[in-house]
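Reconstruct the complex from the two isolated chains, following the hints.
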Amino acid sequence: MTKPWFKPVADHALLVEFATQISDAANRDVLALDQALAKADVPGVIEVVPAFVNLLIDFDPLVTDHTMLEATVGKLLKTATQTTHDPVRHAVQICYDADLAPDLAAVAKACELSPETVINAHLAGDYRVCMYGFAPGYAYMAGVPDPIQVPRKAAAVRDVSAGSVIIAGPQCLITTLTMPTGWSVIGRSPSRVLLNRPDRTFLFDVGDHVAFERIDRATYDRLSKGSPHD
Amino acid sequence: MTDATLRIGFAGPHVSFQDAGRRGHKRFGVPASGPMDRLSHAAANAALGNAVGTTCLEISMGGLMVECSAGALSIAVAGGKFALDHAGAKFSGWRVLTLQPGDRLTIRPGAWGSWAYLAVAGDIVAPRWLGHTATHSISGFGGGAITTGQQIRVTNAERREDREGDIAQPGFVPPRGQARVVMGPQDQHFQPQAVQDFQTSRFQLSDAYDRMGVRLNGPRLGLKDVLSIPSEPILRGSLQVAGDGVATALLADHQTSGGYPKIATVIAPDLDQMTQLRARDDIRFEAITPDQAVTIARQYAQQRATYLHSIAIPRGSLLQRLMRENLVSGVISVDDTAQG
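Protein chains in written order, with our numbering: chain H, 14 to 243; chain C, 3 to 342.
Hints may contain errors.
[Claimed, not checked] Interface residues of chain H toward chain C, partial, derived using beta-carbon atoms under 8 Å:
(1) 18
(2) 25
(3) 34
(4) 63
(5) 146
(6) 190
It is worth saying that the hints were derived from the structure and are not from the lab.
All C-beta atoms, glycine included, are put in the ideal place defined by N, C-alpha and C.
The following block holds chain C by itself, in its conformation from the complex (with noise of 0.2 Å):
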């Protein structure tokens, strides 16, 4: 085991170190904050072998090149469909490799998805507060934000080549465009049209973007009275209503307090992949009850863990590899080889 150092050759706007998250602490105002696509951030963290919520690199719509200029690690990506160069070679998302000394991998947007994680063997150095290295991204208290020319040290770095190769993608996540919510806490002070409108209308992600939330343009909400309530407590998927009638859905650094109203609050479970849309991208919202989004709640969490065992499971050195596919198919596969 040894260091290694990442330089970031370029990182744009909003990439920010993030481990899981630091919950219980909104009665002081602080967001959990952690990855946009917690989901995403896990199943990087898992095909390395890592433990659940390492400190990865989240990176935006805005893209990141980085060199690793000491030392030699493995690293995984994951996360909507964004392109990887790695020393010349293409890759789609999704992926284990290895960097070696000089070795360049960028990251870009590609088909969809707004957020990607980037996850090394080993332990990134970044500051903690309140214990994580989450970033908020309003005060940059936690890891802070990643920006061109930074160096990020990575102790205990190893190569993990029995992990390289592509992940296994979820196949038990929602379709993108639409997400469950459950009605309230206060669309009694809604207009009835625009309970209904809510419900039945595609709403479209505006160019408001960023990791506190997203504004939804759609059909304007009308609120029964225009008065505000008194500021209460709201969480990451609280659609909240200005007095404009315009819906924001909060995200991982909202604000723990406001004083909108609260028309719909959107699922655990389909938050992540909601996060992944772009602007100018719909989305749907479905209403379901308390104990249906319950259910739901728990089936994910089955299929989460049972997803993330899978891809956990090293994939065994290239002789191994080539043996066992030899033995089950009696030809022999180099596919994911063959890519690389």
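So that you can see chain H by itself, here it is in the shape it has in the complex (with noise of 0.2 Å):
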């Protein structure tokens, strides 16, 4: 594991940085702190949240400090590994019918490519969940193929639906509410990533893999019916 750095963040939270550029190396190092944490139960930490290359410790100021936490993050890292074990998979549904993906021709023409190669090239690709930011339930998931990475587009759009998946650089993710977003739209999925269910709120954790399963427009008609985002 890397070393990190701190910072102190207000009178009740950490910032353990393990590097200043998105890696996969960076996160697993973040994941694996996440988890060692999970698992220690420190007294006085209410949350942790981890992020692409660093995670925030929010602490109860009356039983812990910004340096007594320190130290505990310190002697937990000595232990820490990076999972070893398979990850969950999740395959989520996507239909890309031009209605549902209005950016898929600009993303096809930006790429120089067809949008069935765009289709066929994201289909194929392994998306990690990175960490959860925004909004509910948005999960930010790494692994957009290079040949078609976009970058953000110059606005936002307003009112894009739920269940819209937007890409943006190597970021990939299935919206939860309709929401302003300056991400490219190529496709719509049926899936919920907030379940609301008693058991389980949302539908993947930090480190789950998705693959994405292509589907036609009457089972996304089917599937929809009676989702939160119609």
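Quick look at the structure:
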């Protein structure tokens, strides 16, 4: 494991950073520390929030402080290891019909590929949930293949439907709310990330892998019936 | 114990149900939400003898008119300085009173403050999400927004006349126009002049102010480079600076990650007061060390607990109060009843 550096945040949090640039190695270090912290049940830790290259520990200042937590994390890192066991894999269905994929043609044009080639490349990707962020259930996945990576748009588009599959650079995510986005919308999924089941609220845990599975419009319409996305 | 119904005669925008908030789900993109001013929310509940974190109505500057359409119950209002009109009797916020069937209560913004809390003696029936009624404004998850015409059911409604009267306001809170911060975690991405300007300048809250955050007008805080950093976890209190050099203070319904550098983070004890500022009010930031921040948080927790305990003590019946006043001061004081 890489030795991280620490940054105190306000009176109640500590940011533990492994790198300044996104890399798989840094994200695996983050996940290893996240798991180690979950197991260790450190007094005063309220919640741990993993991200691409760093992890935030929110704590109760009546119980612990920045310095004590730094020492605890330092100790945990000596024994923490990156997990070797197989990650949980999810299949997420996606429909690429033009009206559900308003940016597919533009992505194809930017990449000098046919829309069908873009779809096949997207389906071939192995996506890993690196972090949740922004809004409830927004799982940031890395793994968009190089040939179809496109930058964010210059300006966000409003009212992008929930369930949209959107990409920007190496990242892909499935939206859970109707919100503006500057990412490219290349399909729509009837699968719900926000399950709201009593036993499980969100479909993925950070570290899980996701593969997309293509469905036709009739299947999409059938599966999305009664979905809160509509 | 019985049920009561509150009919919302009018609700401005951004009026919602809030319990103390759902902590522990930021790893799934879910901020805690809960009251913008946590101390005033706690005070409204304490003054009624409610458990900490009981669901309240959070009232914005849009105001609220509520009518007790069935049953009777005591309520408490705390936060800022809002103007109350209870069936023609006027108060200046911070008050426990009892609504009789048919009584109307109007709450409007007064001398200062952006958020007030209406707690009830009873249990508000509101939808929960992840175990809490706290409303996440963007999604509407949780209890949800309160709108004109809505009927709110309160179970186990009680009249608690022994608690009626003014609620003592906290005397230990810092001045509203100042907030203490710990610099960072990305102050190294800013030009030295920006860090200096941040610590010495006056900022002004803009109109871009909601439960997610508030944009601050002030000197442009220049970044060293325009490249954004990898998206990382952010907190209530983070002061995030976009590429245009404008800072946004993140509040109760903040996004849980952000790719812009954070120049500083407001300490939790100073955030409640900060949210009570209004657009065009001034604020200055004072940098303190992380150790000082923890010491302040510990002192604050103690003062807060002492205060909430003191206002949670019932005053007793009118007769008991008259006798107590008479014994203590030798004169009969009916101050808080005469006003009513």
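Report the numbers of all earlier hints that the structure fails to satisfy, in ascending order. 1
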